[in-house]
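This is what each chain is made of:
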Amino acid sequence: MSETRAATRPRTATAPATLSRGRLAAWLGCTTAVLLTSVVVAVAIGPAGLTPSDVGHVVATRLGLGDWLGLATPDRLDDGIVWQLRLPRVLTAAAVGAGLAVCGVVMQSLTRNPLADPYLLGLSSGASLGAACVLVLGWLAVLPVAAFVGAAAALAATLALASAAGRGAGGLSPARTVLAGLAVSQLAAAATSFVIFWSATGDQYREILAWLLGSVAGADWVSVAVAGGALLLLGTLLASTGSVLDAFTFGDTSAAALGVPVARVRWLLLLGVALLTGALVSQSGAIGFVGLILPHTVRFLVGSRHRALLPLSMLCGATFLVWADTLARTVFAPRELPVGIVTAAIGAPVFALLLWKGRARA
Amino acid sequence: MTQTFDARTAGLAPTSSGGHGPAGWDGPVGAAGLAAERVRWSVGGRLILDDVDVTAPPGAVTGLLGPNGTGKSTLLRLVAGVERPDGGRVALIGSPDDGGSPGGAAASQAAADGEDPAGPGDRTAATDTAQGEDLLAMPRRRRARTLAFVEQDAVTELPVTVLDAVLLGRTPHRSLLAGPTEDDHELARAALDRVGAEDLAAREIGTLSGGERQRVHMARALAQQPRVLLLDEPTNHLDVAAQLATMRLVRDLAGDGVTVLAALHDLSLAAATCDHAVVLAPGHAGHVVAAGPVAEVLVPEVIDPVYGVRTTVLRHPRTGRPVLTFDEV
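Chains as they are written, first to last, in my numbering: chain U, 6 to 367; chain W, 62 to 390.
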């Protein structure tokens, strides 16, 4: 009897929350296409009145394809706007969005905490402290370095505190690490406020606030190299850990019983997240929302299997931040908003809608 | 091996003509029992388990019994490799008929790390684990292909489907970077069939009843194709019918040749379903006070001092198995 059942059961009867391989490929294809289109369109949008084909023209010429495609030399002004100003900014936004989203998925999964985000271990507060210090001192050139150092110091402080607190009591547990991160975070935030309160003058307030809210306004090709390089190196590594994160579905014990080296995996992934986040924060400031809610949004759409969730979150995060940044620089043009305001302003309602539509499932 | 089991093997592992196609869940090759020797564990300076010896004979259901706090769950976690014991070893032991002959063990050892187990024709030689090998010293992924652990109340807040949950059982059988293959899907469905939960495949695990969820977790364990199954309080929080169905399933799996070691709370349920019993008693640390066939272990002389009750053992009028009732001392 079971023989008949096995033979006649339709093989395609997969569950709603699971993406079959074909559908995953379709999703990946679509989101990639949307991202690429978004990049081109976003670069075109702005006061200079460029069209997407102007953008394509400049990029093709710059990539050395001009002769091969028989294109005329692009207008110098167009070239400057596209290649020097907007493309680095849009690409940095894409890299930061992708990286934060993938880090968010990993953190939420590792800590089994839906409120987890890439900044959970105090990274953003540390980076902000570093940034605020150099902004007050007027050393703008070393801002990214200071932010990265601040993030790294906060992470080190979190881990040191967590292991000191755990000595003789079961060691470095995830819960203790998260709480230690909270303590470090609060301390760094207090120090940042103190620095601003004590030393900031005039426009420095606005500069620091803008940085704290996150912005890719100053992005150049160095930012693209740092954020994009970190994303390629660490982001793709994190995005390939789908099966490992899936094994944590029922918690540490069941992951261990499935042969996953739980402790080693946890620390490697935490370290990967911390390094990637540190690199991103150094370029963009602590852009909120993307790493927290974007993973939930994608989970609503494609289910919680990490093999689909990780790459799709990456692509959607990139697209999302590209558009958020485009809005940030155009809505009140010529004034710019910090992109962190826009991410929250768009993202929170979208998420509320999904929460409401998915209430039967949740 | 039972009649049903053979029918399933024929249906799901259509490879009797050779080849290496996907095999269904076809039970372990030659039952292997489990012997934990002198297992010792302490946490924060407090000794929890003191030189515990537990044997689970091959293809039988062994109940791990004892009051709360005697370290039943801890022992299972140690045997499963979730925690590292301070001392002791855990080995597979052969069934009386294949006795772990030196030649067989050598062949098993040689084939132990092959990624793709040999075809069904020579599967008898290609078991994943050699008899007598220390499970605790074994690489964890190989251990997870030998031994599966169903913990108590494993839950998730994620909207995971039953099929996806069962597919997790295939994790130790493939590279951690790879996704589930078509064969994995087939085996996961076969495991769901085996526990009678094939209709639940598309359901979300959070919407299942306690008994259904327990079946799914067992299917996940079966998808690991283990020779030994560890169950921590499998009937916890289940209503009577679900308890009986779960223990019926446990018996069936033992009939397939899986060695089962189950921590149980309910002594009557243990008396009704287990072949063997090991009783842990509290003291300054958990230790074994009695072990052996159920009828010999579940007697007032053993239970009364351990649980602090007065036990009366009756005979079940239909099954003839012991039924236990308790009074206060």
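No wet-lab data here; the hints were simulated from the structure. You may find that some hints are simply not true.
As the list claims (entries may be wrong) - Quick look at which bits of chain U chain W covers, simulated, 3 or more residues with Cβ under 8 angstroms:
| no. | region |
| --- | --- |
| 1 | 70-83 |
| 2 | 247-255 |
| 3 | 264-277 |
Treat the numbers as computed from the prediction; the structure is a model and nothing was measured. All C-beta atoms in this analysis are idealised placements derived from N, C-alpha and C, irrespective of residue type, glycine included.
Checked hints:
1. As drawn, the region 70-83 of chain U meets chain W at 0 residues by the rule of a beta-carbon pair under 8 angstroms; below three, the given contact is violated.
2. Chain W is given as covering the region 247-255 of chain U, and this holds because 7 residues of the stretch bring a CB closer than 8 angstroms to a CB of that chain, at least three being needed.
3. Beta-carbon proximity to chain W at under 8 angstroms applies to 3 residues in the region 264-277 of chain U; the threshold of 3 is reached and the given coverage holds.
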